[in-house]
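Listed in order, the protein sequences are those of chains A, B and C. The letter at position 76 of the first sequence is residue 76 when you use our numbering, and the numbering goes up by one with no holes. The number in our numbering is simply the position in the second sequence, starting from 1, with 395 added. The number in our numbering is simply the position in the third sequence, starting from 1, with 702 added.
Source of the hints: derived by calculation from the structure; they are not laboratory data. Among the hints, a few may not be true.
[What the hints assert, rightly or not] Quick list of in silico lysine-lysine cross-link-like pairs, DSBU-like style, CA-CA up to 30 Å:
#1 A/K173 x B/K528
#2 C/K773 x A/K128
#3 A/K256 x A/K194
#4 A/K74 x C/K773
#5 A/K128 x B/K528
#6 B/K528 x A/K384
#7 C/K773 x A/K34
#8 A/K256 x B/K528
#9 A/K257 x B/K528
#10 B/K528 x A/K380
#11 A/K251 x B/K528
#12 A/K272 x B/K528
#13 A/K341 x C/K773
[Said to hold, decoys possible] Chain B residues, not near chain C, derived (Cβ > 12 Å throughout):
#14 M396
#15 Y424
#16 L455
#17 A457
#18 L463
#19 L545
#20 L561
#21 R568
#22 M574
#23 D582
#24 Y583
#25 M589
#26 L647
#27 R687
This structure is a prediction, so every number in the text was calculated from the model and none was measured. For each residue, glycine too, the CB sits at the ideal point set by N, CA and C.
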Amino acid sequence: MKNVRLCTVLFAVLVAVLGLALFPAAAQKTPVLKIGINAEITGDIPKVGEATKYAAQMYVEDVNKAGGIEVGGKKYRLELAIEDNEAKAESAAKAATKLITVDEVIAIVGPQASKQAVPAGEVCNNYKTPMVSAWSTNPNTTKDRPYVFRACFLDDFQGPALSIFASQEYRFKKAAVLYDVASDYPKGLAEFFKKDWEKRNGPGSVVAYESFTTKDTDFSSQLTKIINSGAEFLFTPQYYNEVPLIVQQAKQLGWKKPILGSDSWASDELVKLCGKDCFGHFFVSHYASAGAKGATKEFIDRYKAKYGSIPDDVAALTWDAIGLIGAAIRNAGKLTGDVKKDREAVRNALAQTKDYPGITGTISFPPGSGDPIKCANIVKINDKGEFEFYKSVCP
Amino acid sequence: MTVFLQNLVNALQWGSFYALIAIGYSMVYSILMLFNFAHGDVFMTGAYIGCGIAMLLLGLGAAGLLVLPGWLVLGLTILLAMIVTAGLGMFIERVGYRPLREAPRASAAITGLMIGIILETGNLILLGAQRVKFPALIQPVTFELGGVFLTNQKIMIVVVALGLALALHQFIRRTRWGMAMRAMAFDYAVVPLMGVPINRIAALTFALGSGLAAAAGILFGMAYPVLDPYMGIVFGWKSFVAAILGGRGSILGATLAGFLLGFIEIFVAMVFPSTLRDFIAYSIILLILVFRPYGLFGEPYSVRLRL
Amino acid sequence: MEPHLHRPSGALGGGRRDRAADFARGVPLLGWLFGALLAVLLESFFGRDLADFLDLPRVPVLFGFEYALNKPRLIPGTLAFLFLVYALPLLLGARLLRGPANRIARLLAARAPGVALLLHLAFLYGILHLWTEVSDYRLIVAKITLIAVMLTLSLNVVNGFMGEFSCSHPGFMALGAYAGSLVTIVGFTNSAMFGAALLPPALGPVFFPLALLLGGAVAAVGALAVAIPSFRTRGDYLAIISLAFTFIVKSLIENLEIVGGPRGLRGQPDWANLPVVFVCTVICVAMINQFVRSIYGLGLNAVRDNEMAAEAMTINTRRTKMVAFLFAAFWAGVAGVLFAHVLRYVNPGTFGLQQLAEVLAMMYFGGLNSVVGSIVGAVSINLLSEMLRPLEIWKWIFIPLLLILVMIFRPTGLIAFREFDPLAWIAPRDGNGSRERRENSGEGK
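Sequences are here, hints too, so could you generate the full structure?
This is the structure in structure tokens:
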């Protein structure tokens, strides 16, 4: 008896739910291409995730406003699938898997930091999905992974570029380095710089090679050592949020010599946080926001109008990363609708990228590598706090 | 020698922050026997509140409504931020800790951690991921004393930190409230029976601890003027180390241990390759605890202080 | 030891409860497994078609949360899917097959309890396997969740059963992850860092258990650094000793260029598949459960409740602490090896304060002193944080709030102080809904 009643109830629920489910009219089917964003929105480096998200959203809006992306005579609307990887390695791998298998994206931008990008790259490569990390400089990210690319230049180019600049421009002989030992980007850069500098100026010419740990804010002990080492300049490949602390503390400890930085300095926040103390120092950059021309200037102006801040290197590189994907989709010839085949086509087009006019420089991928060839700009922070183009160094 | 003196100065400043935060930890922990793992994030919030107040005051000054000299702005900022953050501390106590007073202490540790995450995420939602610059309230002046570089900020930080620690010490030694707190630290179970209002004491403890954290936050903002929502985490855990290293229930111990931690970190980086700093610094702490298992000034553990 | 679905009828009164209890009456665990198997079978054969029919873009991967929070239009379809594919087969299968299930359970419980346990585990694995086969996203979530179960459970040995507040788990995990990775990378892969494989890669899967054991063993040796000071101190002081240990391990690995320093170690072979992770987790749960129910486990509780009295009762407190720490560290190390091989990359930054906060939260959320609690805690927090992904940043407001509420209303965690007796769980049920072997289902304390 009870069973009968129970079955009636179950049946009624079933009918009701089915009725509801079938009620909504089928949405109109415009062909959509999904691009995944795997970014560090929460966790240690929220600014990176935010810039990634903003730049990607701006790109997608642009494309859709123009009626979509045209491939093989057919227009597609772009859609973003944004996942937060919480700045955790395992979460990045999970997010990449979700984007690939659940959201069925055609390509992925990010993760940005190497701690996340290396495991996520593994996932993307296994699933044959093109991934472009805008910011990760760890060689492991792209090595032996035909489906993984990056938009930034590598440490082994940037380090020597700085070393060349310092020895040719100033004829310095003695260098000091201060870097974060727990973060692979500064550490890699510091090592390449040191190697190149000692090759040029003989062993022992890096007179102080000091380090600290991520999230440290006091560098006084290391800076005291550096000041007493007799170095002629300081190279610190740190992020723009740490640079003001280093520069100001150095000044307070009596340092008056030049300080050189890496592309991670490139953010308008640097000047906002640092003020006058940073004026007159140099760094390597993908692009210089002051005196920028053409597409770069347009990007900077529109980003600023939309989000209220000058884009930092992450935003600019993400813009190029997603732009590379967009160009690859356009060049893929024809999309079949089978996401696996389309990914293959996009990856092949991506690998053949030649002279893509990015806002951070002209990008080409050499055969069999996901690491771009591009030039580095040496940028000076001028007396108005603007980033001014100084010199270009090409590989 | 000048290198040593220079590092001594550096370590004094660095230790001041650990000390101020560790005092807050130590108070909560000795009086209520709780780990207040939200404390690092209270420090962060205090710095942001201070930053907001300072900007407001400077904005008023710029608009010509209320023109104050820099040192007064600083004083007001510290005072107001301490009051607001003390309120926040009392709120945290009321919501996150009071319901758990009879629970195992570790449960309160988890609510603390979670309140910390809420503070971080809330900050991220409210202010976005942009880092905030703490306004320069007093112009830094660098002077040289026999090869050692000092700034007015450094001196001020150490003086204010020591002053606050001393004031708190006096408060706890001299006043009736302080006596009640000491009594609670001595026996948590019996003292409330003698008519000491436990809720009010708990609230006061949190208020004082959070106020000090806010002061530390503002001093931190003066010295290292870049604020970000996650800056409290590492500070929180390290000050936790300092608080316990000092020994249970000892304000003096927490202060000294905070300075000690600062000294260890700075001098290890001076003597050894700085890449090994954490490795050596925390090995030293581990060794200290192997030989002094109850901290610098602590008493051996009794049964009633179980976790 | 009451799984919440089968409360004895009348215990709580109320008509609806009674009906639910009536329904569940007499269904043994095996019956529920039958039902679940039916559900996942149904999903793997007809899931896609049904999703198409209901106008869903695809099979809801994690119980439809991705639709419920993002696209309200799809909620009815999702509900219908969940009802048809999960609820209906589970309930009907469990109900209709309870007779045979009970017969099998009774037969096996009497003759060969070991076989009965294995049978249940096989069913459980089958269900998990079919469920994860639908989507690779489920697979990676399942693997990471199982690893979290091992971590949480091993932490519970020290923090729950022994009542210390140890913060060294990320350190143990890091030691295990690096030691295990070194074995597999040096031994079985051609890597740029360590050159050609020493042994033929074909032998690898045979040696993987050795890598797991070695990872665990290295972590256990590292644990001596925490265990020995624990003889003389405890509570808060031990907490910072263990915290210092975590800092030390992280800093040490960052400085070891040979294992890649902060760049990490990449290229672990892909051996940590679902069966391996599942078997490891089962062994971990079984061993830890045996351990905490043994005389040692009671010793742990005695040390927690009163160390001096325990000493007086002839418990060797030193040995007890030592064993507990080494045992917990061993399993954290094994979990670390698996973690490294699931991601195929390790990096010292992974084993920091964030990891610590996470594993502490899972353990205290699940419940002190309870094997089931740790499983529930790890699984629920992991699944929840995946299911709530669509909330984006608000996820990190919601989850902490939930944890605070749980702590306030159940200060010792969801399922604390319960003894886990697998035999009682799998026992057949008689017609009255009670278990036939009740004497073992101890309520703890």
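| query | CA of B/K528 to CA of A/K384, is that 30 Å or under? | reply | 18 Å, holds
| Given the proposed pairing of A/K341 with C/K773, does the C-alpha separation stay at or below 30 Å? | Roughly 28 Å between the alpha carbons, so the hint for A/K341 and C/K773 holds.
| Is the hinted pair C/K773 and A/K128 satisfied, with a Cα-Cα distance of at most 30 Å? | 28 Å, holds
| When you check the alpha-carbon spacing of A/K251 and B/K528, does it fall within 30 Å? | With Cα atoms ~18 Å apart, A/K251 and B/K528 stay inside 30 Å; holds.
| message | Please verify whether A/K128 and B/K528 have alpha carbons no more than 30 Å apart. | response | Between A/K128 and B/K528 the Cα gap is close to 43 Å, so the pair fails against 30 Å, i.e. violated.
| task | Please confirm whether B/Y424 is truly not at the interface, meaning its C-beta sits more than 12 Å away from all C-beta atoms of chain C. | result | Violated, because the least Cβ-Cβ distance between B/Y424 and chain C comes to about 7 Å, which does not exceed 12 Å.
| task | Please confirm whether B/R568 is truly not at the interface, meaning its C-beta sits more than 12 Å away from all C-beta atoms of chain C. | result | 24 Å, holds
| Per the stated criterion, does the least C-beta distance between B/D582 and chain C lie above 12 Å, as a non-interface residue requires? | 17 Å, holds
| Per the stated criterion, does the least C-beta distance between B/L561 and chain C lie above 12 Å, as a non-interface residue requires? | Per Cβ check, B/L561 is outside 12 Å of chain C; nearest 25 Å; holds.
| field | 30 Å Cα cutoff - pair B/K528, A/K380 | value | With a Cα-Cα distance of about 22 Å, the restraint between B/K528 and A/K380 holds, given a limit of 30 Å.
| message | Please verify whether A/K173 and B/K528 have alpha carbons no more than 30 Å apart. | response | 35 Å, violated
| field | Non-interface claim for B/M396 versus chain C (Cβ beyond 12 Å) | value | 29 Å, holds
Of the hints listed earlier, those the structure fails to meet are numbers 1, 5, 15 and 27, in rising order.
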